[in-house]
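Throw the hints in and build the complete structure from the sequences for me.
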Amino acid sequence: MFESTSHEHNLLARASLDQCVKCTICETQCPVMAVTPAFSGPKFVGPQAERYRHGESVDHSLDYCSSCGTCTLVCPQGVKIAELNSVARAAMKKDHMPLRDQLISRTIMMGAVMRPVAPIANAVLANGAARWMIEKVVGVHRKAAMPTAHTRTFASWWKKHTPAQSATAGKVVFFHGCAGQYFEVETSIKAVEVLEHLGYEVVVPPQGCCGLPLQSNGIFDTARGYVKTLAERLNIADDVPIITAAGSCAGMLKHEAHEIMGVDDPAVLRVGGRTREISEFLLDLADRGKLPLDFSPINLEVVYHVPCQVKGQGMGKPALELLRLIPGLTVVDSDATCCGIAGTYGLKKEKYDVGQAVGKPLFDKVRDVNPKLAVCDTETCRWQIAAATGAKVVHPVWLLHQAYGLS
Amino acid sequence: MTDTIIVGAGLSGLSAAIRLAQAGAKVTLFTFGLGGIQLGQGTIDVLGYSLAGSRPTPADTAITDPFAAMSQHLTGHPGHPYATVPLASIRDSVDWLAALVPDLLTPGDGVNHMVPTALGGLRPTYLIQPSMTWSNPSSIAVVSPRQIKDFYPRLAAANLTKTAHVDAHGYHIDLPARPGEVDSSPVAYATALDRSDFARRFVELVANAIADEEVIGLPAILGLHPDTAESIARALGRPVVEFLLPPPSVPGMRLNVALTQRAKDLGVRVVIGSKVTGFTSAGAKVTGVVVAQAGRDQTYPCDHVVYAPGGFESGALTMDSYGGVRETLFDLPVVGATAEDLITGDYWADQRLFACGVAVDSAMTPLDVLGQPIYTNLHAVGGLLAGAVRWTEKSGDGIAITSAVRAADAIVSPGVTPTTNERTR
Ligand SMILES: Cc1cc2nc3c(=O)[nH]c(=O)nc-3n(C[C@H](O)[C@H](O)[C@H](O)COP(=O)(O)OP(=O)(O)OC[C@H]3O[C@@H](n4cnc5c(N)ncnc54)[C@H](O)[C@@H]3O)c2cc1C
Ligand code: SF4
Ligand code: SF4
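Chains as they are written, first to last, in our numbering: chain A, 1 to 407; chain B, 1 to 425.
Hints are supplied without guarantee of correctness; some may be wrong.
[What the hints assert, rightly or not] Here are the computed lysine-lysine pairs in the DSSO-like style, where the Cα-Cα straight-line distance is at most 27 Å: (1) B/Lys149 - A/Lys22; (2) A/Lys290 - B/Lys149; (3) B/Lys264 - A/Lys360; (4) A/Lys171 - A/Lys290; (5) B/Lys264 - A/Lys365; (6) A/Lys360 - A/Lys349; (7) A/Lys93 - A/Lys228; (8) B/Lys275 - A/Lys22; (9) B/Lys26 - B/Lys264; (10) A/Lys290 - B/Lys264.
[Claimed, not checked] With the Cβ distance kept under 7 Å, some of the chain B side facing chain A (calculated, not the full set): (11) Ala23; (12) Gly24; (13) Lys26; (14) Leu34; (15) Glu181; (16) Val182; (17) Val271; (18) Ile272; (19) Gln293; (20) Gly295; (21) Arg296; (22) Ser314; (23) Leu342; (24) Gly345; (25) Ala349.
Derived from the structure by calculation, the hints contain no laboratory data.
Where a beta carbon is used, it is the ideal one built from N, C-alpha and C, also for glycine.
Written out as structure tokens, the structure reads:
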């Protein structure tokens, strides 16, 4: 366990830099390099610059890296490029972390503060003058997608909830994530209802933030504490799968805590190994012939976009395969690298235009295929696509919920 | 429906995936990173040179008809991957691939094309993209934006004068792909040229820079979109030929995107970013592969495996510090690995290491030292196969495609694959 963000601490990623053969594959796929000459790209700021970093940053264009992870995914030599970048950026910003990055990283705080005053908060965020002020004072772009606050939390629903049928298929832990608690309450509810419909006994231990927004903003020390506490809470028994509809938080538990922040905590590793995004879990059942396929048809054509943090888990596009099992539903793969939000990147006033340019091919496709509805697994990506296109963007579980006749 | 797992997304893995999916198989492809197609030149080599060793001499001339030259080449290269398949299947396989991407590859006509390189040489290849047609012009204007760092039009022109006996002149234009960019990657340039407003400015500058040469040579940056090169040529009103560049290869990216899309359209499940790190077996059958995913190892059961992991360049073959050569996933025996002097200090000498690899039968089933299949439902294809130094022969693409097609066909209709070599065409 390393407590610093100094460049030496990230041994795992640093050990991979010598594997770079300068093939340029990462450069051809980096979505940021494709839209701005201000960023010198993954090969330069990653394995190349890392060689010369001794606490000092040698290339400040590094801050343009959105940490989408595409480069790591496509590198055929196993260089942990995005991980190197994340650590180097944390080191670069350590002594002058902007207040904005501190604020937007604390999802629980934002959710908890906004909830009791949800109508007011939503009104403020919908108000142009207020957003202009926020941009000037805090540095969040006035047009950036912001979550909608709800007066109801997932916890308040769960407290009053009784399953519609008795459990026959065993126990699963449901990990809702911060967004699933405060902003994406409907998604959490639908996920639980689908799992219960399939006969699972859903357990919801008290839980907190996984620390991902802090990690992606380079605030590692606090993030490490968050993820450890969360893992202890979710680790109720060794053989109980942990299911989540928060795809990016799944990535944090599965590998990012370990690979980016050097967390070796046994509870984190054990929980990470048992965490499944809900589509991954259900597709695995389908592959083994154990998922009931009694779906009612949904006659629609929609774009499905796989978020970077789900792709980064090396499991392909489970939601795409799963949704294609629903009769009548035509699912068009967005084939887009990134929506441009990359966690909180696209919110920032100096990155907003880059984020919009990155997402443009995706937005165009959504407008083209079905401007009313699109599907995507993670909340910040959904907010980004919705804000840019005006489409309603839902988690895949919404369509499964409907196809099972639950809505 | 058969469950087949492909390991690798290079030319051989994608070819096998597409061929199997066309036959109705259920295919999942795992790959650790992108495959090698966009590191190549975006054409398809079958056989370009037949050298005695690795060292080309001035007497070595490019092969005109690769299929006619094949028998003789294989006599001099026993254990060559092409020697494991019926010779007719090489041309059939390559033709099949060309037909998959008709917008991108010109159909093969039995003879090699010569294509110009960044240094102003001409190299043989079999299938080309239409933008690479070399028509033996009497004069050529070689033009490049200053912002493209890996192409020097005057150098290329000067060399072409000698290699192709053509009246060649080099010209620069000044047009950044994006405002203020002094050093554009070929991909950034190609992306800019895909926009008609930028392409129009480019065409104007090129037209103004040159004299009345017959043909215009440009670096291979003419769009990621397959139609861009043709519309630029139309606007210039003269034949255009793309010169091959070092990676990243824009024509290679066009081919990679088109084949990957083809595989996805046929229902192939493509899983990128996961390394296959192990396997399960029962007797002489592989029953599943172990994939290292985020946070855990996941075993995927299967009926067949097509192993298309490339060679040394992708880590499928490795050499340890004692000179021991190994195949890293299935621990298949590596042919040629015990020879002395696998690598020598003379760069141009015969580097036997690069002909090391896995031996297979005509169904691409890996063989043990006694020539017996090791796992009957495992098929090894592409850069992993023993017996050829692909970059001196210019044979790697044809080997990758032919072996993939053979493996796929053996899976789909096991009885049909002949088990003996047919050396006829
Ligand atoms: C420097 C050089 C120059 C060359 N020049 C030429 C030439 O001029 N002409 C020519 O015809 N050939 C040439 N070749 C050879 C040609 O590149 C190869 O023969 C061809 O690309 C092989 O394709 P492939 O599909 O077998 O492998 P590759 O394109 O290498 O693809 C292998 C894929 O498998 C993946 N992979 C490997 N192991 C695993 C695993 N365990 N789990 C998951 N995925 C895995 C890799 O990441 C990669 O994506 C050259 C090769 C080199 C190295
Ligand atoms: S893809 Fe990997 S090996 Fe290739 S240049 Fe990038 S970091 Fe280096
Ligand atoms: S993480 Fe994403 S934005 Fe950053 S260098 Fe890699 S591909 Fe580019």
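Here's how the hints hold up against the structure:
1. A distance of roughly 15 Å separates the Cα atoms of B/Lys149 and A/Lys22; the hinted pair therefore holds under the 27 Å criterion.
2. For the hint linking A/Lys290 to B/Lys149, the alpha-carbon distance of about 56 Å lies beyond 27 Å, and the restraint is violated.
3. For the hint pairing B/Lys264 with A/Lys360, the CA-to-CA distance comes to about 22 Å; that is within 27 Å, so the pair holds.
4. As the CA atoms of A/Lys171 and A/Lys290 are separated by approximately 16 Å, the hinted pair is consistent with the 27 Å bound.
5. For a cut-off of 27 Å, the pair hint linking B/Lys264 to A/Lys365 stands: about 17 Å separates their Cα positions.
6. Annotation: proposed proximity of A/Lys360 to A/Lys349 holds, straight-line Cα distance about 18 Å (limit 27 Å).
7. At roughly 23 Å between alpha-carbon atoms, A/Lys93 and A/Lys228 fall within 27 Å of each other, so this suggested pair holds.
8. Pair hint B/Lys275 plus A/Lys22 holds up; C-alpha atoms about 20 Å apart against a cutoff of 27 Å.
9. At most 27 Å may separate the alpha-carbon atoms for a hinted pair to count; B/Lys26 and B/Lys264 meet this at roughly 12 Å.
10. With a C-alpha separation of about 25 Å, the suggested pairing of A/Lys290 with B/Lys264 holds against the 27 Å cut-off.
11. A hinted interface residue such as B/Ala23 counts as satisfied when its beta carbon comes closer than 7 Å to some beta carbon of chain A; here the least separation is about 20 Å, so the hint is violated.
12. Checking B/Gly24 against chain A: minimum C-beta separation of about 17 Å lies over 7 Å; hint violated.
13. Hint on B/Lys26 is violated. Least Cβ distance to chain A is approximately 10 Å, over the 7 Å limit.
14. At a threshold of 7 Å, the smallest CB-CB gap from B/Leu34 to chain A is about 5 Å, leaving the interface hint in force.
15. Of the supplied interface hints, the one on B/Glu181 holds, with its beta-carbon coming within about 4 Å of a beta-carbon of chain A, less than 7 Å.
16. At a threshold of 7 Å, the smallest CB-CB gap from B/Val182 to chain A is about 9 Å, leaving the interface hint violated.
17. Satisfaction of the interface hint for B/Val271 is found here, the shortest Cβ-Cβ separation to chain A being roughly 4 Å, below the 7 Å cut-off.
18. With its C-beta approaching chain A no nearer than about 6 Å, B/Ile272 sits inside the 7 Å limit, and its interface hint holds.
19. At a threshold of 7 Å, the smallest CB-CB gap from B/Gln293 to chain A is about 4 Å, leaving the interface hint in force.
20. Given the 7 Å rule on beta carbons, the hint for B/Gly295 holds: about 3 Å separates it from the nearest Cβ of chain A.
21. Contact between B/Arg296 and chain A, as hinted, is supported at the beta carbon level, the nearest pair being about 4 Å apart and thus within 7 Å.
22. Hint status for B/Ser314: holds, given a least beta-carbon distance of 6 Å to chain A, under 7 Å.
23. Contact between B/Leu342 and chain A, as hinted, is not supported at the beta carbon level, the nearest pair being about 20 Å apart and thus beyond 7 Å.
24. A least Cβ separation of about 22 Å between B/Gly345 and chain A goes past the 7 Å threshold, and the interface hint is therefore violated.
25. Interface hint status for B/Ala349: violated, as the beta-carbon distance to the closest one in chain A is roughly 23 Å, over 7 Å.
Hint check: violations occur at hints 2, 11, 12, 13, 16, 23, 24, 25; the rest are consistent with the structure.
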